[in-house]
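A.B. asks: With chain A held as given, fit chain B onto it using these hints.
These are the residues of each chain, in order.
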Amino acid sequence: MFPELNSILNSTPDSFKSSDFILVSDRRADASFLIHHYLSFYLRAGCKVCFLGLVQSFSHYSAVSQRLGVSLAQAREKGQLVFLEGLKDSVGVLLQEDTSQETQPLSYVRSPGAGLEGLFRFVECSMRQSGDGDAGESWGPPVLLIDDLSVLLSLGVSVGAILDFTLYCQATMCSELQGNMVILVRCEEEDADDVDEEGSNLLQRGLVHQCNLALHVEGLPTGYCRDIHGQMEVWWRQRGENIYNQRKIFHFKVHDKGASFFARGTSSAVL
Amino acid sequence: MAAPVSGMAGSTSTGNATSFQKKPRRKLVSIPGTRPSVQNGQLLVSSGVSSLDYVIGGGLAVGTLLLVEEDRYDSYSHMLLRYFLAEGVVCGHELFLASARDHPDEIVQELPSPIVDDVAGMKISEGQSQPSDPENPDTMKIAWRYQNQPRYILFLSCSFSPLPVPYHALLKSIQTVIRKEGFDGSTPQSKVRNVLRLGLHSLGSVLWGDDVCCKDNPAHCHALTTFLYALRGLLRTSLSVAMVTVPSHLIQNRAVMGRIIRLSDTAIALESFRGSEKETNPLYKDYHGLLHVRQLPRLNCLSCEVPDTKDLAFKLKRKQFTIESRWFPSMAV
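In order, the protein sequence lines correspond to chains A and B.
Per UniProt numbering, residue 1 is the first one in the first sequence, and the count goes up by one each step.
Per UniProt numbering, residue 1 is the first one in the second sequence, and the count goes up by one each step.
Isolated chain A (complex conformation):
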């Protein structure tokens, strides 16, 4: 969890908005550090988290979360965290060895044209199972984290199917269960000539209209800099009755135990 980001977004583990859909996107940069932030944030807040880890292994997230002060292994044991090991289990599914019920969520690997219903059922099932822990602990509102959604496009799933999936998730998580959703989408470079019919840009545009808060990470427009790793645009969008539509750009630098955010031009390297 990054304290500076908490103050920018005006939220803490003790008080944060519910029924929130947060879209994290990047273009030619890596926004996965924000996913690590949200993972540790919601675990600290005591929420029940369903994490779809589609591009990295559990040990990777575990190692980073350790540095941020949260133990994923413990959370998983207690039942607070449900982790889908997408990357490692997909090989078995692809080579058609594992046709058991447990690999139903990953059925899109084998048949990408069939949609993401299996994945949605997995999410729904794990989120509705609250209060089933041994100690009878009741967790806070449920949270869904996805890292990252655009890899499904590389596996052949269509943009329409992915948007359907997110719509179902939003209806269940945010509206029905009053929980939150954080999704990472990685975009391509905008090509003026190429109209990207079935691409991640289309997916990102579709999702940005559904979300409440959009964080977009890019490299600096002036080029590569060693001390400032990029810029992040925060777009506060519609929230219930109020329509904010406010945008702000911050510069950031990622280091070993966190990330620091500062207003444009105020990096310590410059001042």
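Keep in mind that the hints were calculated from the coordinates and are not lab data.
One should not assume that every hint holds.
To be verified - Derived pair list, reagent style PhoX-like, types lysine-lysine, alpha-carbon separation capped at 20 Å:
(1) B:LYS285 <-> B:LYS317
(2) B:LYS310 <-> A:LYS253
(3) B:LYS285 <-> B:LYS315
(4) B:LYS317 <-> B:LYS278
(5) B:LYS310 <-> B:LYS278
(6) A:LYS88 <-> B:LYS310
(7) B:LYS172 <-> A:LYS88
(8) B:LYS278 <-> B:LYS315
To be verified - Ranges between beta-carbon positions, derived for each pair:
(9) A:PRO13 <-> B:THR322: 46 to 56 Å
(10) A:GLN66 <-> B:VAL306: 15 to 25 Å
(11) B:LYS315 <-> A:GLY223: 21 to 31 Å
Computed from a predicted model, the values in this text were never measured in an experiment.
Heads up, the beta-carbon is just placed ideally off N, CA and C, and yes, glycines get one too.
C.D. replies: Using the frame of chain A, we list chain B on its own:
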């Protein structure tokens, strides 16, 4: 994994006044040819070219995928692949090589031999391309070429797979090797742990049955990306390292290339000057091409190795491949 060495149990009996006892040192099982990274403790292997190791953060992490975008005539990328394999031979790693163009045995015959530094005054052999005789032929895993596979394997893997047959068969073959030789930890304790180096040449080219390089809207546009995704999943669960070369200059669709890069861990691109107007440009007279670092991985940590400069050029002098900063060649990269 690590059996703690029993502490100095005899220290109290030697009549020492202090009651301090030496902490039992854990004996780490060390695999030949690997070393832990300075930054985050990852297990690294060398790519065979020391200046490339420096540029990508000390070496290739075990369990990751290195993507090399080929130069136009596949001369330097092929050389990098051979260096990678040769390093594996020298370190005693197991090798898995797949190529659809050249027969893997031919590639293996032409691996560069190591540069020997002998203080006794022997002439330094600058790694001439001689047929290298591996001292122990058993350490070389069989090179695989899909066209020579017996027909029944192709038959089993044909239906209901999003991957075209050659990729499916290749993936299955890699998984079989990893399982059989126990790189995923399923061996009995008696076998010494070793690293498997996978060299996959020119994936995406037409010879692999893929049309992503020859069409604007290929029928198999997700074949290579699905394969790379599954390959990375396999690598993460085993002690192996893969180097994949892709003829990116033939891929028309830039979006697909972007996805391929994001699906790998480390990605570099070689741009050779041969045949282009840069060959006669006096600015580049010392070099044979440019090296672009497209992506560096963040493994088990938030931040990644941030390079000093992104302007890198390479040159090949008497079979030694070096990478330098374009503007300050005398300074360290």
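A.B. asks: Work down the list of hints and note, for each, if the structure agrees.
C.D. replies: Hint check results:
Of the pairs offered as hints, the one joining LYS285 (chain B) and LYS317 (chain B) holds, with about 13 Å between alpha carbons and a cut-off of 20 Å not exceeded. About 18 Å separates the Cα atoms of LYS310 (chain B) and LYS253 (chain A), which keeps this hinted pair within 20 Å; it holds. Proximity of LYS285 (chain B) to LYS315 (chain B) is assessed by CA-CA distance (about 10 Å); at most 20 Å being required, the pair is judged to hold. Of the pairs offered as hints, the one joining LYS317 (chain B) and LYS278 (chain B) holds, with about 18 Å between alpha carbons and a cut-off of 20 Å not exceeded.
This hinted pair checks out: LYS310 (chain B) and LYS278 (chain B) have alpha carbons roughly 18 Å apart, not beyond 20 Å. Of the pairs offered as hints, the one joining LYS88 (chain A) and LYS310 (chain B) is violated, with about 33 Å between alpha carbons and a cut-off of 20 Å exceeded. This hinted pair checks out: LYS172 (chain B) and LYS88 (chain A) have alpha carbons roughly 15 Å apart, not beyond 20 Å. With a C-alpha separation of about 14 Å, the suggested pair LYS278 (chain B) and LYS315 (chain B) falls inside the 20 Å cut-off, and the hint holds.
At about 51 Å, the CB distance of PRO13 (chain A) to THR322 (chain B) agrees with the hint of 46 to 56 Å. For GLN66 (chain A) and VAL306 (chain B), the Cβ-Cβ distance of about 22 Å falls inside the hinted range of 15 to 25 Å, so the restraint holds. For the pair LYS315 (chain B) and GLY223 (chain A), the supplied restraint of 21 to 31 Å holds, since their beta-carbon distance comes to about 26 Å.
Violated hint for the displayed structure: number 6, the only one.
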